[in-house]
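Undergrad: Residue strings, one per chain:
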Amino acid sequence: MEERTGRGRGLGLRPARKALDPSSSIWKPMRSCPARDPKETSAEAFRERSNPHLDDDDNLRSPNSPYLVGTCPDMCPAKERAQRESLRDLSVFERLNGNPARTSPHLAVKKFCRTISTVDIQESDIRSPPVLQRTLKHLINLVNSEEHPFEVVHDFVFDRTRSIRQDLSMQNIIDDQAISMYEEMVKFHIVSHNRLAMHWGKSDLSSLCHLNIEQLMKCLLTLFKLYDLNRLSRSLHTNEAEFYSFFVLLHLGGKIPKMGDSLSLWYRQLSLPILQSKKMHFARALMRYSQMGNYKRFFCSLEAEASDLQLCLVEPFLDEIRAQAISHVNYSGYKLHPYPLMHLSKILMIKESELEDLCHVCGLETSIDEAGMKALPVKQTKFSLPKSGFRSYCLSAIDDVKRRKDL
Amino acid sequence: MAYLSMGEAHRRITDYLSRFSDAVSSQDAAVLSPLLAVSSNSASLQSLADALNVFQDSNRLVGQLERSSQLAEIVSPLLRCIQSYRLGRFADAYVVLEKAANAFLQEFRNWETPWAMEALYTLALEIRLLAEKADRELASSGKNPEKLQGAGSFLMRVFGALAGKGPKRAGALYVACQLFKVYFKLGTVHLCRSVIRSIETARIFDFEEFPVKDKVTYMYYTGRLEVYNENFLVADQKLTYALMHCSPRKEANKRMILKYLIPVKLSIGILPKQWLIEKYNLIEYGEVVNAIKKGDLRLLRQALREHEDRFLRSGVYLVLEKLELLVYQRLIKKIYVLQKQKDPSKAHQVKLEIIVKALKWLELDMDIDEVECIVAILIYKNLIKGYIAHKSKVVVLSKQDPFPKLNGKPIGS
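Order-wise, the sequence lines are chains X and C. By the count of UniProt numbering, the first sequence reaches residue 407 at its end, each step adding exactly one. By the count of UniProt numbering, the second sequence reaches residue 413 at its end, each step adding exactly one.
So that you can see chain X by itself, here it is in the shape it has in the complex (with noise of 0.2 Å):
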């Protein structure tokens, strides 16, 4: 418990201060003009021309209904609040005292609603960019708070979240501070996907991980579209590069809900300063490692290069990659070599004693040489990966990891 506290402060989230600063006076609006015609405008023909499985289904405006303006000051339009106040429908963060039946202007945030029609909203109800940065910086504060499972925090500002990128696609907001939310927001779906997979044994999580997969690629594909929307001349953003390297990073291991097409399809539209930039390169690389199964290659590269984020993205595919090396080694073994549990344990950076579980998990023997170090017997037939996937070994060893680097 202790050690996921460390690391859930050490991977916090920092949003860039100049971004989510309300009262920051270099902020200014710069949407288009709300009188022209939509079907003109770039983020129009973004959603037009994108992939009906990849769109943001947040997206409820229609194409002909000119943009809103939101005016709502708090983080939650009066109505609701009184609605769901009187509804008791409240959640654990929103609750004034605890009191199932109160909340107040600094606690409730806007739900996520899916089936509006057009035709009821009200611009009272949508709230302005400055609102919405302020309700993304409470609800990011909430997921470092370790006074609730983190399943409660998670769904709480899943939720929250969404409504935020309603409000923001509804009032047709594409600019950098659109940018720096989608960042964010991303941000977190990252961490939950790395909190989510250590719950490992929970089969109701599994979903739950699913559904955190897949609406951290909307955004991620969002977020690329708004990238190009806001180009100056042909640089990339200062984080685009990351970003997108989260994207391959997404489809190591099987685990991820086919979205579309195949990398391969995927690389033929990207410009090349993003292919070649150096978090790209990284992310490449790992999946040729990973694919290839050069162990030895993939945990170096991992500790040499990767961020924070893209740690903690491809940290709960470290235990099928460690897997993995143990059936190649225990298949091209000598069967008199009993193969040395520490020297591979370093190099699949994880414990001496977690690498043991893990070959006991894969159905492996165990033994002790006559120096009585801890080794595997090599050529055992009974190697299986366990179905209900794995506990994720991955805690102390990443810690290390990031120690190294900050030292």
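No lab work stands behind these hints: they were computed from the structure. These numbers come from a predicted model, not from an experiment. Where hints are given, some of them may not hold.
What the hints assert, rightly or not - Among chain X residues calculated to face chain C with C-beta under 7 Å, some are:
id: 1; residue: 265
id: 2; residue: 296
id: 3; residue: 333
Unchecked claim - Here are the simulated lysine-lysine pairs, DSS-like style, with alpha carbons at most 30 Å apart:
id: 4; chain 1: X; residue 1: 379; chain 2: C; residue 2: 409
id: 5; chain 1: X; residue 1: 382; chain 2: C; residue 2: 385
id: 6; chain 1: C; residue 1: 293; chain 2: C; residue 2: 346
Stated by the list, open to error - Covered stretches of chain C (in silico footprint by chain X; criterion: 3 or more residues with CB under 8 Å from a CB of chain X, positions within the stretch not fixed):
id: 7; segment: 303-314
id: 8; segment: 376-390
Just so you know, even glycine gets a beta-carbon here, dropped at the ideal spot from N, CA and C.
Based on the hints, put chain C in the right spot on chain X.
TA: Chain C only, in chain X's frame:
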């Protein structure tokens, strides 16, 4: 432009209209098709366009056509299209062409026989070509390029009209291929799936019935899809079919097929001959093949770096990356062969340290752990028969066939 009299303009237009009308009544697709080929820039269409610019009231002339109402729906927008095209207004031209094409499709559905199939092909092609031009025009003026997407929808309707029982279905494959071209261009390749399903699994079509030309194009596109999805055995079948049945005169088409077939063949361990690479000017693969033959990892990586853009655009980069394992296999085999020459009794034991040295000689920095890792993979994937004695840091090769060929099994599977 030379001076064009009103009388001459009038004559050209009525001439075109009566040729159109006659072609329909005598069911002559060979005459009808060139009248629809807007982008062909034929002399007669150009001179017609000039006439339309002079004689503004062509609609009245259309109204005088014998089979008025039905043909008018087709011909009126068609004339506007021809005119706009000549003036270089492609987006406008596309919009009216789609109107004309929709009207034509209506009529086509009503005609009992497939006599107008060739004309329908022409329209399908024109719709796609014009939509591409229109989108280029829109994009360059900062507008939303959505015409090609519209073309896709239209072509789907055509496909639907052809996908039934009856003689018209022979044309479905041609239209399917036009759809593939649209989807590949738009990047919405997943939309090909429903088309493929209709062709292959629904019981409507007998694949052998289709014209060879269309089958080749179809196999080319579906073969490419299999490459992207890394189903190399199926990709091999389809692309080989396309190559075998491709007309010998169509060198450019053969090259396009080979561009995808070569990486697939490499994945199953079959190397193309040097003359093939040279004949079709696919030199980017030449270095890859050399690297595999020599076991030179540095050469392979260099080739991938040098042609990275080209390989990524065609989508074969990830396929070629996987060939590293073949290169490692070849390198270790060379070491084995050299050892055999020196001392046959000890040849089957290869020190991992020697492999490290060989790689260092190629300016590749790999430590002994990584080499051990790679050798383990090669053994696991049956590219090497043997085992690794970890304590002695030696790979002991099987005395029989220590470097098995892939034998049609794709690498990486």
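Undergrad: None of the hints should be skipped; say for each whether it holds.
TA: Hints versus structure:
| no. | hint | in the structure |
| --- | --- | --- |
| 1 | 265 | holds (5 Å) |
| 2 | 296 | holds (4 Å) |
| 3 | 333 | holds (6 Å) |
| 4 | X/379 to C/409 | holds (24 Å) |
| 5 | X/382 to C/385 | holds (21 Å) |
| 6 | C/293 to C/346 | holds (25 Å) |
| 7 | 303-314 | holds (count 5) |
| 8 | 376-390 | holds (count 8) |
In this structure, none of the earlier numbered hints is contradicted; all agree with it.
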